[in-house]
Amino acid sequence: MSLKSQPTAFELAAKPLSDAEIIALNVMWNRLISVSEEQANALLRVAFGAIVRESGDLSAGVFDAEGRMMTQAVTGTPGHVNTMARSVNAMLEKVPAATLVEGDVLVTNDPWLGAGHVFDFVVVTPVFLGSRIVAYLASTCHIVDIGGLGWSAEGRSVQEEGVLFPVMKLRKAGVVNEDFINIVVANSRVAREARGDIISLMSCNDEGLRRLLDLMAEYRIDSLQPLADFIFARSAAATREAIDLLPEGVYQSEVELDGYDSPIRLQAKMTIGGGVIEVDLDGSSPLAPRGINCPLGYSQAYASFGIKVAVAPHVPNNHASLEAIRITAPPGLIVSAERPAPVTARHVVGQALPDLMLGCLSQARPGQILAESAGALWVLAISGQETGPQAPAFASLNVALGGMGARPGSDGLSTTAFPSGVGAVSVEVAESVAPLLYEHKEFAPDSGGAGHWRGGLGQDIRVRALKDQPLTVSAAAFERLRMGAAGREGGLSGQPGAASITNGQVIDSKGLYIVPPGEALVLRTPGGGGFGAPQSRDPALVARDLARAMISESAARDLYGQKDR
Amino acid sequence: MTRLAIDIGGTFTDVVLEHGGQISSHKLLTTPAAPEVAALEGSAWLVADCGLSLSDVQTVIHGTTLATNALIERRGAKTALVTTEGFRDVLEMAYEKRFEQYDTDLQLPQPLVPRELRFTLRERLTAEGQVLAAPDRAETLALAQRLKDAGVEAVAVGFLHATVDPRHELQVRDWLAELLDPKVTICLSSEVSPEIREYERFSTTVANAYVRPLMAHYLRRFDTRLRARGFDGQFMLMLSGGGLTTLDQAAKTPIRLVESGPAGGVALGARVARELSEDRLLAFDMGGTTAKICFLEEAIPATTRRFEVARAWRDIKGSGLPVRVPTTELVEIGAGGGSIARRDALGRLAVGPKSAGSVPGPACYNLGGTLPTITDSNVVLGKLRPEGFAGGKLTLLPDLAHQAVARNVAEPLGMSSVEWAAAGVLEIGEEAMANAARVHAIEQGKDVTRYALMASGGAGPLHAVRIAEKLGISRVIIPTSAGVGSAVGFLSAPVAYEVARSLILAMERLDLGQVTRLQAGMREEASAVVLPALGAGEEVSYTWAAELRYAGQGHALRVGLAAPLADATDLAALEARFVAQYLETYGTTLDGNPIEMVALSLICSGPAVESLAVTEAATAHPAVVTARAEVFDPVCGARVDAAVLPRRALQPGAFHAGPALVTEAQTTTWVPGGWDLSLHALGHVILDRGSRQ
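For the record, the sequence lines run as chains A and B.
Numbered according to UniProt numbering, the first sequence spans residues 1 to 565.
Numbered according to UniProt numbering, the second sequence spans residues 1 to 693.
Since the hints were derived computationally from the structure, they do not count as laboratory data.
Each hint should be verified, as a subset may be incorrect.
As the list claims (entries may be wrong) - DMTMM-like mimics (lysine to aspartate or glutamate), calculated; alpha carbons at most 25 Å apart, straight line:
| # | chain 1 | residue 1 | chain 2 | residue 2 |
| --- | --- | --- | --- | --- |
| 1 | B | K446 | A | E207 |
| 2 | B | K446 | A | E254 |
| 3 | A | K467 | B | D511 |
| 4 | B | K446 | A | E218 |
| 5 | A | K467 | B | E128 |
| 6 | B | K317 | A | E218 |
| 7 | A | K172 | B | E584 |
| 8 | A | K467 | B | D591 |
| 9 | B | K446 | A | D460 |
| 10 | B | K354 | B | E298 |
| 11 | A | K169 | B | D511 |
| 12 | A | K467 | B | E85 |
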């Protein structure tokens, strides 16, 4: 195509685009998205840790020479998706671009530069064309263990939560920094896996780098800036167009959570106008004493995700589309935790923010916004102590998912996370990697909020040690044990969750609990909120739910007004 | 040898007869209510046209989308699932995740068995196969009565860890069979898909049970009617994995038929690869709504056991029902001749996945469609001639194509030229297809530039060269009978059956005794399927592979084995090959991390079908040009003068330099400047990138 004869640099602002240039830019944009997607897919295939994979708890993106995100792979976790957009520049502030040479790779797991807790490693690779940096490739992956307390909200400061690496070089001019790797290996309880994941992060960036250079060679361009400008201009315009469809105004909303051991409040004031959405989280609760605090970057990631799904789901994530959504909070709140606050289970707060945003937006767009969902992922971190040669120590990780809120046109999805995109590990796989026995895992009847559209159901889970071995369970993320997910437009709340041990112990804080030998952990995850008045639900759907035992006879009668048959 | 291939697709039924080394074909409309009607009619016509009768045919090979359609349209049997107590909802919980991050309205596929037909029994094995609770006869018989009362036609039995030990499933089947009508189908997860991960295994088993009554009935009816018309040979079925099997076996596991049509296209690739000695071939098929690609090494297609059918939400990956049976590994792209081009909300030029289909069709068909498609863009650029389209059944109207592209692409995107807009539509579509191939190659650690590209399907040959250019491929092959490629492919597929077993264990803890027993069982199972389908004296070959990964990873690499694993030396060699393959695929190795086995697989196959031999070398001579056309070429931004070469008029050895169009009844090949065309002795059109660029 005539693209081969294009000038080496487009002058987009100076003259209108030629037909050939329009096509070339469209094709290159698609190709760049593919570079990111493939970078993430490669990482997904080699990542260690079942839950990291199942959840797509990783991310990858291409950034321009100024560190602005051009494209990004859509993976499972908005927490990575949007934090990484800011990571590159935040890291370049510590290690300036001018000091980088070809073959260098930067790395950090600083919660305030990366994805909000020490488990997430961000790896950034500069792309050189000659002596010039023309782009950066970044990727993020959750590493299963990096020392400290491991998966637990018990830390009183970030220092207790794991080893924190400031921005440093993972590779210097092509030579891997073994000192860094050795520190990781020395501290992680799963040293080989941690080392494998970090090496994979680096090699998936290298693969992306090769593909990016191929792209530039094929189109004979020596700068990505014209393409970046094209992407940003189109994305900014589309985002603005979407925001302009909303009525201007100020909308307020709040959400109450269980907190570590006492309730916390999240509060938002959303101002829509002038093509911009500004959200102030002032009024939210102060810092918690344990690790459910959220750095502002992570709060911004989830809050802007919540806005995007409702306002501009079709606009891809990049520097320009994220710029129109501005999330702020005064420092020192639970949504804007500062160093050295403990932050391991920051998703308990972060994953509640989309519901908070949707609460504001439901006033701007009444009747069109889904009800609240179960929210935070219940991370099921179970470890066993060694009790003999037949029962060695182990640690396992899974998630227990609640229901999604009912949508304006359909029931909520049962046992499906929102806002997270994480899925559960198969029982057969979970039982083959750890000596656990799942005795039960089925929908929890009546757990979804009643409504014209019913909230998604939570589930009942019963799990115990297969061997004669006490288990330690972290309840760090067992949220919504007190407050159910609120309904919308007259829909009722979903049932709150419940957690206990068969010896009678009730789990009611986010601490660590012991399941003695012979006993089982019993969980019921929260259901999603309902949408619209339950009395208006189609009687045929009520009858269907009853036949399927997804609601009880009393719910059919008392909540939905089903007549005796 | 006289053989007949019948490919029943959604729209067309293709019949191909091979007789005395000659291939004849016939295409007619599918009769959806009773698909065998058109197939029988077409077969009888074609056989008669060749001066034969059905009694002269030794083998009929059949491939069909019927099972797939039954799953999409939910026309299967009333099916129940019997599963482990406490796990009633595995089928409906699915992966417990959203397949699309930003779409809060998405719908998950409805399970084939609704909750009221999912029953549980008290029984339990551990992951290591230890019995914690054995099924109870009285409880099972009581359940059988409930199944009877509910009037179920098919029962799937799926217990946790049944792949480690199937005894509970076998026991429950026997007890259920005591009470249930013999007509009720019972399928076991340990037989249909003996692999770990309960959701995928149950989903596969349920899908098999769901379509089995329908498929078994259909296949038997078809067979009976063929025989009533004098056929007295062997009736074989094309499997998704690329091999053939008997009617009895197909009726037992019809879920293995779901992708038989595309598998035929890939089998054609295998045949062409053998005939032309292409060690590395990229098979590319493009029809009206989708394009499919598959890599073949030494004429052997890549296969996989991960597949999904009946996507429920905007054809998005993850919205379908997972099926874990062997299938040829196809990458599907939502781009076909009917794919619609538009300006998306971001002001980008987007093509597909929405297709105008045959109704209302592309704008140039003048059948009611007004939106611009890939086909319309080809008409605007002069690559598709208005006359002679679809065998002359349809005359295309270039003005309508021009208007549609102008109105919906050029104007909204601010482009001054309609031809450039049409070129942009093709460029976006071709880039999507090239990129799918590129990504797939990278994922597999393959160097795509070393492959030849074989194009088939009505739209494939129009786009093949541009896709090859994008991939750095320098040879393109348009095989004979490209328009009925799948059916031709059936004729070249061997009798074959693939079996797989999960075996998740660190290499260092692998018990050779267990491996040997497993391999023996696999060999026995596959042989029992393949041997009865073979003629006397036909040899059987066994192809073994192991799937490995570093312990803790999720994705395994398939490593070929020269022979079944027998001793510690074999294991060490296997590990070394895994590490080498990992390096090739991911560019790194993780020395010190333990390696684990995930699964073993075995393909048992009969002899390969003999390729046609080239009897004499063709004499090179220039092709005779009878007509010329003006085709827009974006390389120079203007129309160029291209030769029009009817394929029927080309003789073996004919050559010509692009730009040129090769026209035939079912497709058109575009040969741009810089590419040289020649006709192979076996009739294949070969396009080579010339020295001039």
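Hints and how they fare:
Distance check on the hinted pair: K446(B) and E207(A) sit about 13 Å apart at the alpha-carbon level, within 25 Å; holds. Note on K446(B) and E254(A): the hinted pairing is violated, with a Cα-Cα distance of about 53 Å set against a maximum of 25 Å. Under the criterion of a C-alpha separation no larger than 25 Å, the hint pairing K467(A) with D511(B) is consistent with the structure, at around 23 Å. Under the criterion of a C-alpha separation no larger than 25 Å, the hint pairing K446(B) with E218(A) is consistent with the structure, at around 20 Å.
Between K467(A) and E128(B) the alpha-carbon distance is near 13 Å, which keeps this suggested pair within the 25 Å criterion. Among the hinted pairs, K317(B) with E218(A) is inconsistent with the structure: their alpha-carbon atoms are about 30 Å apart, more than 25 Å. Distance check on the hinted pair: K172(A) and E584(B) sit about 24 Å apart at the alpha-carbon level, within 25 Å; holds. Annotation: proposed proximity of K467(A) to D591(B) is violated, straight-line Cα distance about 33 Å (limit 25 Å).
For the given pair, K446(B) sits about 46 Å from D460(A) by alpha-carbon distance, which is inconsistent with the 25 Å threshold. Restraint check: the Cα-Cα separation between K354(B) and E298(B) comes to about 35 Å, which exceeds 25 Å; the hinted pair is violated. In summary, the hint linking K169(A) to D511(B) is not supported, as the alpha carbons are separated by about 43 Å, beyond the 25 Å threshold. At roughly 21 Å between alpha-carbon atoms, K467(A) and E85(B) fall within 25 Å of each other, so this suggested pair holds.
Hints 2, 6, 8, 9, 10 and 11 from the earlier list are contradicted by this structure; the remaining hints agree with it.
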